[in-house]
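Starting from the known structure of chain A, arrange chain B on it as the hints suggest.
Line by line, the protein sequences are chains A and B.
Here the first sequence stands for residues 1 to 184, numbered as in UniProt numbering.
Here the second sequence stands for residues 1 to 735, numbered as in UniProt numbering.
If you are wondering where the hints come from, they were derived from the structure by calculation, not from laboratory data.
A few of these clues could be false.
[What the hints assert, rightly or not] Distance ranges between label pairs, derived from CB positions:
hint : chain 1 : residue 1 : chain 2 : residue 2 : range
1    : B       : GLN530    : A       : TYR88     : 29 to 35 angstroms
2    : A       : ASP138    : B       : GLN706    : 40 to 46 angstroms
3    : B       : ASN651    : A       : LYS5      : 38 to 44 angstroms
4    : B       : GLN676    : A       : LEU47     : 58 to 64 angstroms
5    : B       : TYR487    : A       : THR15     : 52 to 58 angstroms
6    : A       : ASP116    : B       : LYS210    : 28 to 34 angstroms
7    : B       : GLU471    : A       : SER30     : 27 to 33 angstroms
8    : B       : LYS193    : A       : GLN80     : 51 to 57 angstroms
9    : B       : PRO442    : A       : ASP138    : 31 to 37 angstroms
10   : A       : TYR88     : B       : ASN651    : 49 to 55 angstroms
11   : A       : PRO137    : B       : SER358    : 43 to 49 angstroms
12   : B       : LEU554    : A       : ASP90     : 54 to 60 angstroms
13   : B       : LYS210    : A       : GLU113    : 28 to 34 angstroms
[Unchecked claim] Sample of chain A residues at the chain B side, in silico, Cβ under 10 angstroms:
hint : residue
14   : CYS99
15   : PHE131
16   : GLU133
17   : ASP138
18   : LEU147
19   : VAL158
20   : LEU169
21   : THR170
22   : CYS172
Cβ atoms here follow ideal geometry from the backbone N, Cα and C, with glycine treated the same way.
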Amino acid sequence: MSLLKPFSKLPGLCTANILLVESEEQFQQSLADALVEETAVTVNVRLAKSLPLPMENEESRPRIDLVVFIINLTSELSFQSAEASLKYLDPGYFLGKVCFMVTNARNASVPTERLDAVRKLAASLNCPLLFAEDQTPDGVTNATERLLTILKVAAGLVPMATALYLSNLTRCTVPPDIDQPSFD
Amino acid sequence: MAAKLNLSGPPDSDTSSPNDQSVSSRSSNRSLRVADKERRKNEADDPFVLALKYFSDVEAGTPVYGNDDVERNMVLVEKVAYSKGLSPETISIMLEFAMSLRMGTILCPRVLKCLIPATVVPQEAVVRAFVWLGVGKIPVSTQILFIKWVLTVFDMIDAKDQLRAIYGFIFSFVTEENLCPFICHLLYLLTRKESVRVFRVRKLLELQSKLGRQPFLLNLLSLYKVFCPELVTLSIPSRIKSVFRNHNMPWRSALIAVQKRDGSQAASSISLASTIQDKTNPRKRKHCHLVLPALCSVVNKEAQIEPSSSRKVVPLVQLHSFDQLLENMHRIELPAQMGSLLGSSLALQYLDCVQDESALLRLNFWLGYALHEEFLFCGDGGASQNSEEALQFLNKLLSTQHFLQEGFSSSEAFLYKFLNVWDGSLLRPQILGLLSNIPVIPSSQIRLLLFEPLMQLFFTSSLFFKCGLMECLNNMLLKWLTWHSVYALEDDLDISLNSHTSINMTLSGFKDSVMELVDFVGRLASVGLQLEGCHSLLLSFILDFYETVCDTFLKYGLPLVVIPPTGVFYPALFASDPVSVDRLAYIMYRYKVNLTSAKSQEKEQAFHISRQTFREFNHYATVMVNCLWNSKMFQPGMGIQLGEELLLKSNVPQYWASFDLVHHPAFMSYAVDFHQKCWPGRKDMDLNSIKHSKPWSWYLEYLFSQGYDGLKQFVQSNISRQKAAGDGQGNSLST
Chain A
1 MSLLKPFSKL
11 PGLCTANILL
21 VESEEQFQQS
31 LADALVEETA
41 VTVNVRLAKS
51 LPLPMENEES
61 RPRIDLVVFI
71 INLTSELSFQ
81 SAEASLKYLD
91 PGYFLGKVCF
101 MVTNARNASV
111 PTERLDAVRK
121 LAASLNCPLL
131 FAEDQTPDGV
141 TNATERLLTI
151 LKVAAGLVPM
161 ATALYLSNLT
171 RCTVPPDIDQ
181 PSFD
Chain B
1 MAAKLNLSGP
11 PDSDTSSPND
21 QSVSSRSSNR
31 SLRVADKERR
41 KNEADDPFVL
51 ALKYFSDVEA
61 GTPVYGNDDV
71 ERNMVLVEKV
81 AYSKGLSPET
91 ISIMLEFAMS
101 LRMGTILCPR
111 VLKCLIPATV
121 VPQEAVVRAF
131 VWLGVGKIPV
141 STQILFIKWV
151 LTVFDMIDAK
161 DQLRAIYGFI
171 FSFVTEENLC
181 PFICHLLYLL
191 TRKESVRVFR
201 VRKLLELQSK
211 LGRQPFLLNL
221 LSLYKVFCPE
231 LVTLSIPSRI
241 KSVFRNHNMP
251 WRSALIAVQK
261 RDGSQAASSI
271 SLASTIQDKT
281 NPRKRKHCHL
291 VLPALCSVVN
301 KEAQIEPSSS
311 RKVVPLVQLH
321 SFDQLLENMH
331 RIELPAQMGS
341 LLGSSLALQY
351 LDCVQDESAL
361 LRLNFWLGYA
371 LHEEFLFCGD
381 GGASQNSEEA
391 LQFLNKLLST
401 QHFLQEGFSS
411 SEAFLYKFLN
421 VWDGSLLRPQ
431 ILGLLSNIPV
441 IPSSQIRLLL
451 FEPLMQLFFT
461 SSLFFKCGLM
471 ECLNNMLLKW
481 LTWHSVYALE
491 DDLDISLNSH
501 TSINMTLSGF
511 KDSVMELVDF
521 VGRLASVGLQ
531 LEGCHSLLLS
541 FILDFYETVC
551 DTFLKYGLPL
561 VVIPPTGVFY
571 PALFASDPVS
581 VDRLAYIMYR
591 YKVNLTSAKS
601 QEKEQAFHIS
611 RQTFREFNHY
621 ATVMVNCLWN
631 SKMFQPGMGI
641 QLGEELLLKS
651 NVPQYWASFD
661 LVHHPAFMSY
671 AVDFHQKCWP
681 GRKDMDLNSI
691 KHSKPWSWYL
701 EYLFSQGYDG
711 LKQFVQSNIS
721 RQKAAGDGQG
731 NSLST
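Here chain A stands alone, though its shape is the one from the complex (with noise of 0.2 angstroms):
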């Protein structure tokens, strides 16, 4: 049991490390495969069940500088986990360096509530809540290209940019509730 530190490890030379937290481990696999791809800088890519992360390989573990919570809309239990990982994180984090991924927010077997409740998670914590369509090839892409977006910004190697920055234009804001016609 330990609390995740940004600052606490020296970086690497153009090395971005990345956090894949999904508790049902499904998205994070093939958003893996495809974030290492990335050729202008190194991209470390470690995966979790959960937060908090085990002891063991404390030591070797690089410094992480992006942590990235995706929740299946569709199961209450990817809310509960992340939301139960969230308070492993050291309050630095917060600053830009984590973001919420979410999948299958346009399934008809979703409440409203949840996806209400994601948001004001994200928008609490001050996150950018981004959406996923993790179902197809160009979906997984896109998904992959905006967290190395967030990435490269939050490792430090977009000159003139830092992550609180970044993160203080994209993040989540209050749910709308916006009166406007529905179809539901």
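Quick look at chain B alone, frame taken from chain A:
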């Protein structure tokens, strides 16, 4: 089958009412008769025909429990229903059986659930069923089920005239609290101008005071208001919270399965199994297809034949040319499936020029529903195997909107929801295309509806998305401005945008919205350029946008000038490609022309351009002239200031000249080229020698001859060169 034969038969059979299409009445054609005989023989053995016979003949009061016959026959009918769908006659028989409660109330829901039409639903059967509904023995839940069924198969009912004839009868059910939402939906679909009466409006208002502002009542009332604005004085919110719910649970998927199988003959036992599974799990939806229905007539055959009919209507499908459309404009019958309008340019022309808003309302309703079902509420979570279908559908929708030159309000509402769950790549060109068509949003809502979701997408997505979004926002602005210049009224105070949705906006409201949009793009552009390292592709799209912005006054008559932020101006000025600098020069030139013209008209036309805008422009113009022309970079009072020691430390020789037209990284290669051409013999290159009066003007000529017209216009409008070259003046627009 029977109906078709009847039509092609001899004239005398036309006079017989459709109800007694008994086989024996067709007697003239010998071969037909033989075929009939054959068929009857087959039918006699067919257990399905026997089952139908059982249901049509069964006596009232026959017990259900322990009755093996009814169970066996029921299973037979269900099997046919879920595999092939039921013929019109079968539907009549089964509906009659169910609604008459001949075997009690238990079987009724079960029968209703399997009423899946193969082709059409006969109108008479529905009317009869409504009559049974009036008898009052049917439990409420079954009554609701029946109306839901009617709503689901509404488009497949072969004619609507008799249903419209009993409008008042159907309306009377509105007082039953549980039925009310569904009845309202049905009435919404049936309402015509003549059905709107004072007493009905009064009844609905009375209900509204009792039940509260229910969306279903509001929707029906809004339709009434469209038809007869003088009868409905109630103010109806422009955006009603929710339109009618979907009542498709038990039938929709089975219906689609049946229709799909009809379309593609690849029927197999597997799909049969899957439809039956669907039935056991009604919540599971199948992807409904987005294929646009063909334009088809719904007008009853008798109505066409009867010449004495005073209200003769002409279905759109019978019209083939624009002339015909013009002749029949006043008596056009809209198709039952409004979606079919999208495929026909004639129908769109009708939509565009007709004042009747009910057509657009119905189309919007259908469209909103289809978009919601297909893209926001997918059965399989969006693993769209039918992405080809979705693509074609959206392309069709886009071309329709281009044809009409305005967006549909339902696609607008859909987009606001979709942007919140979009991953930024799914159907990107189509979504961005639809987005650029949305009408002006009031500035109070624009942030929430548009900016928040777009900002998150923009900053987390790739460069190409950023460029795509810039292009989309540029198109959006162009359309808004065009609408303004077309619809702005004479007195310039009130513009009504988007004639059909009748959003009225004051000029200042419109200006606020445009301002918000331009500011938003300015923010996106500044930070986007910073994050992408001033990528020239992105810069080019951003300059596209500002080419629109700089001409708002002269081209579109909008008294509003917004100057680009520093985050756009400086990256463009110091860009390493000459095209960007040239375009910036053109933009600054247009700003100057717009501002001078606005300044001269300000007095007579009573508008005001902020002095701050002039000041900002003058500042930029001075910076540009100083930097490109006068070689006076980093002077105090300019946008960029660096400490003297720091500049010396950098060891750049003549740092103040490093961005003039000779040394600017974008033009350096031209300077070198010019130098070689001008002094071919010289061994050592001295670019500074270009700055002498004569070579300088030659150099300018040389640059302009390379196609840098923007630069030329900028120089000609801002710099007066009576005196020695290199002694240009700053801009002289006083504030």
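Each hint tested on the structure:
1. B:GLN530 with A:TYR88: 29 to 35 angstroms: holds, 34 angstroms
2. A:ASP138 with B:GLN706: 40 to 46 angstroms: Holds, at about 42 angstroms.
3. B:ASN651 with A:LYS5: 38 to 44 angstroms: holds, 42 angstroms
4. B:GLN676 with A:LEU47: 58 to 64 angstroms: holds, 60 angstroms
5. B:TYR487 with A:THR15: 52 to 58 angstroms: Given about 57 angstroms between the Cβ atoms, the range holds.
6. A:ASP116 with B:LYS210: 28 to 34 angstroms: holds, 31 angstroms
7. B:GLU471 with A:SER30: 27 to 33 angstroms: holds, 31 angstroms
8. B:LYS193 with A:GLN80: 51 to 57 angstroms: holds, 55 angstroms
9. B:PRO442 with A:ASP138: 31 to 37 angstroms: holds, 35 angstroms
10. A:TYR88 with B:ASN651: 49 to 55 angstroms: Cβ of TYR88 of chain A to Cβ of ASN651 of chain B: about 52 angstroms, so the range 49 to 55 angstroms holds.
11. A:PRO137 with B:SER358: 43 to 49 angstroms: This hint holds: roughly 44 angstroms between Cβ atoms.
12. B:LEU554 with A:ASP90: 54 to 60 angstroms: The hinted range 54 to 60 angstroms holds for LEU554 of chain B and ASP90 of chain A, with Cβ atoms some 57 angstroms apart.
13. B:LYS210 with A:GLU113: 28 to 34 angstroms: Given a distance of about 30 angstroms, which is inside 28 to 34 angstroms, the answer is holds.
14. CYS99: holds, 8 angstroms
15. PHE131: Constraint on PHE131 of chain A satisfied, holds at 5 angstroms.
16. GLU133: holds, 5 angstroms
17. ASP138: Where the cut-off is 10 angstroms and the nearest Cβ of chain B is about 6 angstroms from ASP138 of chain A, the hint holds.
18. LEU147: Holds, about 8 angstroms.
19. VAL158: holds, 6 angstroms
20. LEU169: Holds. Min distance 5 angstroms.
21. THR170: holds, 5 angstroms
22. CYS172: Holds, about 7 angstroms.
Going through the hint list in order, the structure satisfies each hint without exception.
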